[in-house]
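Protein chains: 4
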Amino acid sequence: MHTQSAVLGGNRLVDVVTEALELGRTAARGGRCATYIPELANADPASVAIAVSTLAGEEVALGDTAVRFTLQSVSKVFALACVLQRGDPHLWERVQMEPSGDAFHSIVRLEEEQGRPRNPFINAGAIVVSAHLSGSDGKARIEALRQFLRRASGSGVARFDVDEAVYRSECVTGFRNRALANYMKHFGVLEDPDVAVDVYFRQCAMLVDVAELARTGLFLANAGEDPITRNRLLTPRDNRTIVALMATCGLYDEVGRFAVRVGIPAKSGVSGGVLGVIPGHMTVACYGPALGPAGNSLAAMTMLEFIMNRLSLSVFEPR
Amino acid sequence: MHTQSAVLGGNRLVDVVTEALELGRTAARGGRCATYIPELANADPASVAIAVSTLAGEEVALGDTAVRFTLQSVSKVFALACVLQRGDPHLWERVQMEPSGDAFHSIVRLEEEQGRPRNPFINAGAIVVSAHLSGSDGKARIEALRQFLRRASGSGVARFDVDEAVYRSECVTGFRNRALANYMKHFGVLEDPDVAVDVYFRQCAMLVDVAELARTGLFLANAGEDPITRNRLLTPRDNRTIVALMATCGLYDEVGRFAVRVGIPAKSGVSGGVLGVIPGHMTVACYGPALGPAGNSLAAMTMLEFIMNRLSLSVFEPR
Amino acid sequence: MHTQSAVLGGNRLVDVVTEALELGRTAARGGRCATYIPELANADPASVAIAVSTLAGEEVALGDTAVRFTLQSVSKVFALACVLQRGDPHLWERVQMEPSGDAFHSIVRLEEEQGRPRNPFINAGAIVVSAHLSGSDGKARIEALRQFLRRASGSGVARFDVDEAVYRSECVTGFRNRALANYMKHFGVLEDPDVAVDVYFRQCAMLVDVAELARTGLFLANAGEDPITRNRLLTPRDNRTIVALMATCGLYDEVGRFAVRVGIPAKSGVSGGVLGVIPGHMTVACYGPALGPAGNSLAAMTMLEFIMNRLSLSVFEPR
Amino acid sequence: MHTQSAVLGGNRLVDVVTEALELGRTAARGGRCATYIPELANADPASVAIAVSTLAGEEVALGDTAVRFTLQSVSKVFALACVLQRGDPHLWERVQMEPSGDAFHSIVRLEEEQGRPRNPFINAGAIVVSAHLSGSDGKARIEALRQFLRRASGSGVARFDVDEAVYRSECVTGFRNRALANYMKHFGVLEDPDVAVDVYFRQCAMLVDVAELARTGLFLANAGEDPITRNRLLTPRDNRTIVALMATCGLYDEVGRFAVRVGIPAKSGVSGGVLGVIPGHMTVACYGPALGPAGNSLAAMTMLEFIMNRLSLSVFEPR
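Residue numbers (my numbering), protein chains in the order written: chain D, 123 to 441; chain L, 123 to 441; chain Y, 123 to 441; chain A, 123 to 441.
Any given hint could turn out to be false.
[What the hints assert, rightly or not] Across the chosen pairs, the derived CB separations fall in these ranges:
#	chain 1	residue 1	chain 2	residue 2	range
1	A	R272	Y	R432	34 to 44 Å
2	D	G278	Y	V294	38 to 48 Å
3	A	E234	L	N353	40 to 50 Å
4	A	H227	L	S256	28 to 38 Å
5	L	S434	D	L145	51 to 61 Å
6	Y	A188	D	T157	58 to 68 Å
7	D	V136	L	R354	53 to 63 Å
[What the hints assert, rightly or not] According to the in silico footprint, chain L covers these stretches of chain A (three or more CB under 8 Å from chain L):
#	segment
8	287 to 301
9	305 to 318
If you're looking for bench data, these hints aren't it; they were derived computationally from the structure.
By construction, the Cβ of each residue, glycine as well, lies at the ideal position given by its N, Cα and C atoms.
Next comes chain D alone, as it looks inside the complex (with noise of 0.2 Å):
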């Protein structure tokens, strides 16, 4: 395994990572918050703010890294590696692993495959996740969530409480959801499609700052185990189909673009959170809420291409 010096170089991480903040920071002008629930259009759209951890130990954080957002989509990556923690043996055969094409909320292509959704990602996908949390009820499904979370943060100040102005506004507008859980109880992939919403929309509304969430993914670059505390997290099979789907699903619409520009396994979310994972080396958790076209933070996008082009770490170039 590279040790840190060896990828940086000549450079040092804070200045790549100060040098990354200044352009993301110009780049986030030229987009907007989400709007379909009143909770994100209120964010700040000039906010932005970067965290780095490595698998060394080292952690660096800048920006407006005193906001809490809420993890969004990006939660999906964490309720996938908590159900496959335990080892549950019917999700790969109610969720595919194929990336969609269509856009994240798409109800068309349930309908050909017969309510079983393209991946883990896409929301249909991620309501399958969710009802594979354990526990009896969506109370302890979250638990079961959050106290994985606590485990993968190694423990420290990380809450991860749910907003409940976000969550509720999620609950007065998430017909969509609704619509793709109900669709999915009719082909019998879900048993209680209240419940795997309700879920679904607390996982969602949960906070984070930068840099818990660039610590609490950290095992991910490290085949499952926490590099920190020494837990094992997921067996490295587990860990690297998460990667993977990360690599091929996590951007939506923009995947293709985000792995020709950027290069790394990444996951983001609408309010303007996204995680990227370099194997091996480091996770870069990155925050600015103003989206663009595709949906995706238009500040993160934007430093993760520059980190990812001067330190040379794409998965697809010699390295």
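Please arrange chains L, Y and A on chain D, whose structure you already have, making use of the hints.
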């Protein structure tokens, strides 16, 4: 950059490949040759071959290495490289960079996307790429591609002849591709659909053996430069574009599962050939005309999975 | 307006219907009852009944006329009439008037058309219509529909009770319809998806026999006025709207073939009931729970085809 | 059968048509000529003409009756009649009889339906019909159609010449139709896509004026027999098939609204011609190249709606 020995650890490359070949031969028994043109159906479904070329110049080729097969869709990688090499400024206005989620020959998405194909590796996109090969007629364009291939192969014995029987077979049966081309012409994405399709049929019918294929693709694993001759074929950026698109769009509707199971950029063809690229290390070319349900060579899938797992070469893991 | 005798020529109506019934009994042998809810699967596939009501007041009912069956999709005609009768100004902003070309339960087209269903006779459209029935809750809306039906039936013995077993069966299995309703709620086309679906399930479960059905639909053949009681149910324009939509959208994906073979406006339901309307002449109600591949009653199709051809009543021919 | 006078009541036909023409001229102001081929864009958008032919032999033609226009999609009706007349046993294996719910040129549904078009009045279906015209080459097939048309027209002065400029315009722009034809060839539904498309382009470019069109279609209103010459063009059953398909598939994506508003079988073309058929009574041919959003002549829609309502000729009402 890693040295070869670092990758292999205690393994001898030839031993790993030999073991892979045995597994490939077994896997081939479960599949069937493509039948959509008679010439492909005549292949021996039991044939299996594999070749590895490393950046350090090591070459291993085992199995039915004398069998020559047509490139089919693997040619799409080289045609794209050939077009990017001369710096066409309009190509990406006419082809997107996203996985399609559809079958390789689907015409459905073209309608909603106004004739601009999803990526250069589905048939529609590859036909657009072929139309951008330089040359005033079809013959000149194929010659331009052949020159590129010969240069990439180290200008050795590889000739990249067109298998005339396969080419003629395509000509009399390829109406779906003609439909795609005429449809794109309607949207102004193509100039001359007949010529574009003819070039495409010829490039698909070019003959190689596994050793030639592994050697010819080696620049893709080395940021665009042939590590043996030191010829630069592509800029690092254009090379990375191709490799990233292989990872996200290279195996049609099996690309996600392949990323999970094998974890390397690759491109397959219906003749049973597959080219895998491990950036910084090597290429692996496989042949096995017995295909699985998704249209990919069963032997190739199995051999690539075995080698990448044994040598921990997945790009989605620390290595 | 034609008199009945002019239509019949030398035929006695009862003779023609008797002959039709025999053919219907034979045809029923080739079909199967709907199975998607257990209650429908319990019907006797050999049951066949037919009733004719003429504008002149003649009534003929033959076969298993005592069998009561649930209206299912035939209820969509009456719910639409009930809503049009009170002059809702917004209905046609929320439902289109075009054949869909898709299966009756398809959700695909709703996505591209922003939640506005193609016509009031596919499930999604019918759910929107049900939401426009007057009344502050589901019970009041069903009661409004029942009052309309009783008035249309001449206020005789027909009660239009809800079959509670069928209704409950729908409630525990109707997730596809719930998906449609939630999806339309997302697009703002529905207010309360749960109530709309509940009303829809209840109207589908209303019980009739063939004589009641033929009599209740008679206003549709007479420009909106009951020819017996002289009650006006609808304006001629609204009545014509319904009849035209029956002709173009009334038999799902068999509407074109039905127009060719039979040539009258009609509406079918999965319980095996069909209501045919011959403007200026009569209605024909058929029952036969054995369905063909397109989900329409085989006995009904056969009986209607025979009668319309024998009496030259197709609206697409001189008569 | 009604006599003409019974239909008209106290109205003089010429007065109703005169009033319709005035309304048509006003309506034409809101539309635009088709622009997809230059020749159509050159039409005068203010031109409006109308002709009525009755079974009793009455003929009325008003407005810009000297304007000759190309049949375009109206030709599909006559090509279908010409093929049915000679009793092709395989036609209905290759074309369906259902409304498509899609735009007239859509290729999407062809994929899921294995190349068998939805009905003979969408472009794909019409190309299949043209391929079934008798004759060993394209010229012979067009001549067969012309002979049919001349016979249907009463063998008077109508010549049905091909407008060479329009034909050539189609040839150099009709790539979408070529895509459809090649796609159907792929599925084995067509033999020779190039010839089929060429015949189709020629039939679309045949010239008529409104009086010729109304007269030529008169057999459609009379169960397949020309009421003037007593020539039988089609069996009653084949004639009814065509008329029923006009009612359910004749106005593309406006067929349902047209049934509601106007209520007669009709077929429109992008040149602005429309042929309406009132079984047992008359035909009405309209011309007005200014089209509305659904691609149908605004003047024609308005004139037909006015006349059918004034004379209560909708087939969906008592009359």
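Which of the numbered hints above does this structure break? Checked against the structure, the hints that fail are numbers 5 and 7, while the rest are satisfied.
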